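All chains should be built: construct the whole structure from the sequences, respecting the hints.
In this text, residue positions in the sequence shown follow full-length UniProt numbering: the first is 1, and each later residue adds one.
The list that follows gives simulated cross-link-like pairs (lysine-lysine, DSBU-like), each with its CA atoms no further than 35 angstroms apart:
#1 443 x 419
#2 93 x 131
#3 156 x 131
#4 403 x 353
#5 353 x 419
#6 156 x 403
The set of hints was computed from the structure by calculation and includes no laboratory data.
Being a predicted model, the structure only gives us computed values, none of them experimental.
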Amino acid sequence: MAADAARTPAPHALLLPYPAQGHVIPFMELADRLLDRGFAVTFVNTEFNHRRVVVAAAGGRAPDGRLRLVGVADGMGDGEDRDNFVRLNACMKEAMPLRLDALLDADDERLGRVTCVVVDVGMSWALDAVKRRGLPAAALWPASAAVLAVLFGAKKLIRDGVIDDDGAPVKLENHSFRLAESMPPMDAVFLAWNYMGNRDVERMVFHYLTTTAWAAVAKADVVLCNTFEDLEPDIFGAHSPAAASILPIGPLRTWQRRTSEAPAGHFWRADDEACASFLDAQPRGSVTYVAFGSLTVMSPAQLQELALALLASARPFLWVFRPGLAAELPPAFTDLLPRHARGKVVEWAPQEKVLAHPAVGCFLTHCGWNSTLEGVRHGVPLLCWPYFSDQFTNQAYICDIWKVGLRVVPDGGDGIVAKERIMERLTSLMGDSGVKERVKRLKELAERSMGPEGKSLKNINAFMESMTK
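Rendered as structure tokens:
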């Protein structure tokens, strides 16, 4: 009997994130949790992102033997722009299913057969293949529950005249609406699909997001969300139409790694040592950490204003200048940086470690959901500079509902935020004791959610148990 039990294969989860940095990282964190619970994991990236993750992780710890990283062709050519999400979405749906079928049917010599699947809500077209095989299936939404609730409720918003059939906001007083009377007002102009810069793209993104969200709730056994109830209580309240459909299991990145040594899922190699040595030399709560995620693009004129503001502020700063953010740093900045002495520029940073460092006093952010959660998790005030998509919704929560940050808003009609305005916002945020108290309280709630009696921890344990049945 004992020998039979010893031969019982471990549950084997296949994870399929949407191919964007903000999706891959929380999926890798979920993979880590599954590995800690004894699951084997096949982690499926597009071939393009698989290569980036492997290169970024090179030189680190060897991955856990129960973790298999797999790359699958996305159907796009080598030189094509994978930030063109409309084309990427169409190509993936055409190119990936056959390869996914093969992975679902294979009996891997080391890991065995796949026994359960977690797909990104944005990849829920893959659930058809999973359900044909009768496997337990979950869908993970790696952004806020508020945005997901809007996608679930889009048909009602159309019926109520908030948006038209293609997601464009209809003429409303201040463009404001509520999903339910008990919920905070939301701005229809800044819904996740309504700030892409091109109305045709916005229409296609709206239909893709709503279609995949509806498919996820219809076909997955459970829809997971990287959030926690105390952060978005109105979404999970008794009167919320979305409460029964979303299981909060976050913030995923509050966990400490234990048995596994999975790669972090970054697309660029983080300069851990340079960041740590710089922060160690700075006074407590003094550093402005600047990072705009993986997709933000900044004009040369705006970049110069930001660069000069950081120098003129006389505060220490750590700036993540990612490849693609802009062509190059302004010469006026690079010439003056050595004389500033307390400024550091890196290509990529271990953001969770940076925000946990006591020297960091504020976070100038694009308001991506991972960055928002990480700032909250570590009790760091947020200076908000959103770029597109759900970042504007996140900004509204940060500034208007949680009140743990301030906006960076252009002064004039040219859309450029002047150096003086950036400096004023930094000074205001760093001196705002109310913001600091409120974000400290959210930090405590985040920690409690993943504590021994925390709701998110109970939810994630229940989810993992359900994947073994």
